[in-house]
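Visitor: Sequence:
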Amino acid sequence: MQAGGFWADQQTAKTKSEQYNALKTEVDFWTKLQKDVEDLFVLSSELFKSGTVESTDKGDIEKQLEQAKEKFMKARIQAFFSKKYDDHGSILAIHAGAGGSDAQDWAEMLLRMYMRFCEKHGFKVETLELSKGSEAGIKSVLLEVSGHNAYGFLRCEAGVHRVVRLSEFNPAHTRETSFALVEVLPLLEHQEGITIDPKDLKIETTTASGHGGQSVNTTYSAVRITHIPTGVKVSIQNERSQSQNREKAMEILQSRLNVLEEERRMKEKKEMRGEFKSAEWGNQIRSYVLHPYKMVKDHRTGYESTDPSAVLNGDLDDFIEKYLETTV
Numbered sequence: 001m002q003a004g005g006f007w008a009d010q011q012t013a014k015t016k017s018e019q020y021n022a023l024k025t026e027v028d029f030w031t032k033l034q035k036d037v038e039d040l041f042v043l044s045s046e047l048f049k050s051g052t053v054e055s056t057d058k059g060d061i062e063k064q065l066e067q068a069k070e071k072f073m074k075a076r077i078q079a080f081f082s083k084k085y086d087d088h089g090s091i092l093a094i095h096a097g098a099g100g101s102d103a104q105d106w107a108e109m110l111l112r113m114y115m116r117f118c119e120k121h122g123f124k125v126e127t128l129e130l131s132k133g134s135e136a137g138i139k140s141v142l143l144e145v146s147g148h149n150a151y152g153f154l155r156c157e158a159g160v161h162r163v164v165r166l167s168e169f170n171p172a173h174t175r176e177t178s179f180a181l182v183e184v185l186p187l188l189e190h191q192e193g194i195t196i197d198p199k200d201l202k203i204e205t206t207t208a209s210g211h212g213g214q215s216v217n218t219t220y221s222a223v224r225i226t227h228i229p230t231g232v233k234v235s236i237q238n239e240r241s242q243s244q245n246r247e248k249a250m251e252i253l254q255s256r257l258n259v260l261e262e263e264r265r266m267k268e269k270k271e272m273r274g275e276f277k278s279a280e281w282g283n284q285i286r287s288y289v290l291h292p293y294k295m296v297k298d299h300r301t302g303y304e305s306t307d308p309s310a311v312l313n314g315d316l317d318d319f320i321e322k323y324l325e326t327t328v
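Just so you know, the working numbering puts 319 at position 319 of the sequence shown, and the rest follows in order with no gaps.
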């Protein structure tokens, strides 16, 4: 960071500085934890050698050792972040499935869950695009999540999420099953993504609109970019200017195209081994049953929780850790 020209590109310099600070914090944590455990070992060895171990001394050592163990267990998940882009920020999108208000309400519940999860981990969240439901909930939302290892955590959440509960949106309050799709992309720096030919882009600008379609300003600040060869579209209207929206849309488009390319390669490998399975609504990664009993089950790992309320309040670490353990 002391090198000449480091701050020439403010955005890149800011990103690098944040990455450095996050890594330094992580290294300092493990260094201190190692020293604390070594000091405990030396202290306990000296006490036992002296033959004057008091019950209070033993209790203090056991307490400090238990505290060190708790710190280790909470931080060990960081060791699983070894895949490409795990240390990056993330783009997270939630799309309500078919089912009208029930599905849209479910999508909003997931949004709240991820907002709480990000808050607990100190991640900064910015809403880039949000489409409200016709009666309740949301049709879709696009978030930018900033923070060290944000993508490493959230990539474990990509897929279809299913809920079974009593409907609040029909007079009979019958039991309904709803779905929502969670899409997770790494937040890439400009030089990391695949090269995009400007000739392959269709860029459209419109006036930004609020809920219900009403215009919120008279300038053409909203941007929609379509990658013609793949049909991938990105719309952004959250930023104040057209240039900011265009830059953000290009970042997300690059991330999506990068993931598409990696998925294509993985699909080819799996097809060669006869393992490929299409991504359909039936292939949910997790089920949340709120009625007639209470349970959350991850279908990839088999891990279960009987406390859906805590999970929907952002307590996802156990689910994420179990998934990471199976994919290392």
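It is possible that some hints are incorrect.
Stated by the list, open to error - Straight-line Cα separation of at most 27 Å, DSSO-like style, residue types lysine-lysine; simulated pairs: (1) 267 to 69; (2) 58 to 74; (3) 132 to 24; (4) 83 to 322; (5) 16 to 69; (6) 58 to 124; (7) 294 to 84; (8) 32 to 69; (9) 267 to 124; (10) 49 to 74.
To be verified - Label pairs and their in silico Cβ distance ranges: (11) 322 to 18: 22 to 30 Å; (12) 17 to 136: 39 to 47 Å; (13) 84 to 233: 19 to 27 Å.
Simulated from the structure, these hints should not be mistaken for laboratory data. We put the beta carbon where it would ideally sit given N, CA and C, even for glycine.
Visitor: Each of the hints needs a verdict: does it hold here or not?
Guide: Structure-based check of each hint:
Annotation: proposed proximity of residue 267 to residue 69 is violated, straight-line Cα distance about 40 Å (limit 27 Å). As the CA atoms of residue 58 and residue 74 are separated by approximately 24 Å, the hinted pair is consistent with the 27 Å bound. Note on residue 132 and residue 24: the hinted pairing is violated, with a Cα-Cα distance of about 40 Å set against a maximum of 27 Å. For the proposed pair residue 83 and residue 322, the alpha carbon gap of about 16 Å is at most 27 Å, so the pair holds.
A C-alpha spacing of about 32 Å is found between residue 16 and residue 69, which places the hinted pair above 27 Å, so the restraint is violated. At most 27 Å may separate the alpha-carbon atoms for a hinted pair to count; residue 58 and residue 124 exceed this at roughly 42 Å. Proximity of residue 294 to residue 84 is assessed by CA-CA distance (about 36 Å); at most 27 Å being required, the pair is judged violated. Between residue 32 and residue 69 the alpha-carbon distance is near 13 Å, which keeps this suggested pair within the 27 Å criterion.
Note on residue 267 and residue 124: the hinted pairing is violated, with a Cα-Cα distance of about 33 Å set against a maximum of 27 Å. Restraint check: the Cα-Cα separation between residue 49 and residue 74 comes to about 33 Å, which exceeds 27 Å; the hinted pair is violated. For the pair residue 322 and residue 18, the supplied restraint of 22 to 30 Å holds, since their beta-carbon distance comes to about 29 Å. For residue 17 and residue 136, the hinted distance range of 39 to 47 Å is satisfied, since their beta carbons lie about 42 Å from each other.
Between residue 84 and residue 233 the C-beta distance comes to about 25 Å, which sits within the given range of 19 to 27 Å.
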